[in-house]
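K.L.:
My request is simple: use the sequences and hints to build the entire structure.
The letter at position 156 of the sequence shown is residue 156 when you use UniProt numbering, and the numbering goes up by one with no holes.
Keep in mind that the hints were calculated from the coordinates and are not lab data.
A virtual CB, placed ideally from N, CA and C, is assigned to each residue, including glycine.
Be a bit skeptical, because a hint or two may be false.
[To be verified] Derived lysine-lysine pairs resembling PhoX-like cross-links, with alpha carbons at most 25 Å apart: (1) Lys185 with Lys288; (2) Lys183 with Lys295; (3) Lys183 with Lys288; (4) Lys295 with Lys185.
[Said to hold, decoys possible] Cβ pair distances, simulated, as ranges: (5) Pro107 with Ile161: 24 to 30 Å; (6) Arg210 with Ala344: 27 to 33 Å; (7) Arg24 with Ala344: 48 to 54 Å; (8) Asn300 with Ala19: 55 to 61 Å; (9) Lys288 with Phe50: 52 to 58 Å.
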Amino acid sequence: MTTVANERDVLCGVVPREAIPAIRSVEQDGVVHALGELRDFRWHQALAGFLPPSSEFAISWVRLNSGEQLDTHVHPIQSMMIFFEGWGTLDGDITRQVAGGDVVVVPPGCHHGFVAGPEGLSGVSIQFGAGLYTIPEEPRVLFADESSSHARLLAWNRERIEEFGQLPVFDLLADGTLEDAHKRKRYQDALQIWVDGNQTLLFSRQASVRDPLFERVFFGHMTEELGHDALHADRADVVDSDEPPFRDAIMEAITDWFAHQMFVLDDVEKAAIVHLVIENASSVYHRKAMPVLAKYLNNNYFELHVEADDEHAAIGEELVRKVGPRTYERLEQVLGQAWTMIGAMTHRLVELTRAA
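P.N.:
Shown next as structure tokens:
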């Protein structure tokens, strides 16, 4: 790098493009994906020291030679491509020709790829967050195959959500059983075990998270959920304050199973259980339970959940975008176990209520 000091004794400099190391491909889950030519500015010591923190901004020289292709892919952060030379085709969610002087903006989750024309296609790739390939061994993108795997996982999970909505607990809500004050109390007491346990679950997840990205998301979700147990305990029916809390070993064991998973699973699997299973189940439950139980509980409890559960479920869909096909196979197993357990919880809830 050629440098010169200005009047403030700050070194100005010139870094030739060729001075920045280049990569031409990345490997993800055993599959090699061609990138063309990519030179991340953080791979040059002087540039890395000049740029803001890596979590806020990333920039790379990029080039596709004549006929080269960057396969369709998605990533979890905002990105911008500024082309200055050549032309080519943008594929993915939109298809059109791009050329030098064009700026392509890419929001999170947008499918996009490029094919260079005869003159090639050169530009600058900017990410408003950590770089997509700054750590080549851990690319922050999903190529087409991975994206398809993500879609298949979510489609499979939607089937589980539909199955959950047909469980006997919803017959219990609809058949008038809970108009009986004694049975309603048993139902609410038993469900309180689950609601209280969800607070423990979120604390456990926060205590064991390792990835900084997941830590921020988990913390935001946890703070939004604080106090929901107290809202569920705030009932219109008169409650004897001296009465000991209702206990049931099966409800407690199922609830504790979920908290235990937060200590033995990785961050992606934790996110999947909480956001793809619990939050989706919660969304279905609260929409169906609200017309029946809202008059017996603090109304804020249902209003908060009806508004927030879908948003919290969407968080999980975004968080699991960053993993590969093999991880999706594992996630399907983890999610299947969680759906079985949450179904068992509702079955026990029905048993206890009808037996009261």
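K.L.:
Now tell me if each hint is right for this structure.
P.N.:
Going down the list of hints, with the structure as the test:
Between Lys185 and Lys288 the alpha-carbon distance is near 18 Å, which keeps this suggested pair within the 25 Å criterion. This hinted pair checks out: Lys183 and Lys295 have alpha carbons roughly 16 Å apart, not beyond 25 Å. With a C-alpha separation of about 18 Å, the suggested pair Lys183 and Lys288 falls inside the 25 Å cut-off, and the hint holds. A C-alpha spacing of about 14 Å is found between Lys295 and Lys185, which places the hinted pair at or below 25 Å, so the restraint holds.
Take Pro107 and Ile161: their Cβ atoms lie about 26 Å apart, and the range 24 to 30 Å holds. Roughly 29 Å separates the CB atoms of Arg210 and Ala344, a value that falls within the hinted 27 to 33 Å. Between Arg24 and Ala344 the CB atoms are about 51 Å apart, so this pair conforms to the stated range of 48 to 54 Å. Take Asn300 and Ala19: their Cβ atoms lie about 60 Å apart, and the range 55 to 61 Å holds.
A C-beta distance of roughly 56 Å is found between Lys288 and Phe50, which places it inside the suggested range of 52 to 58 Å.
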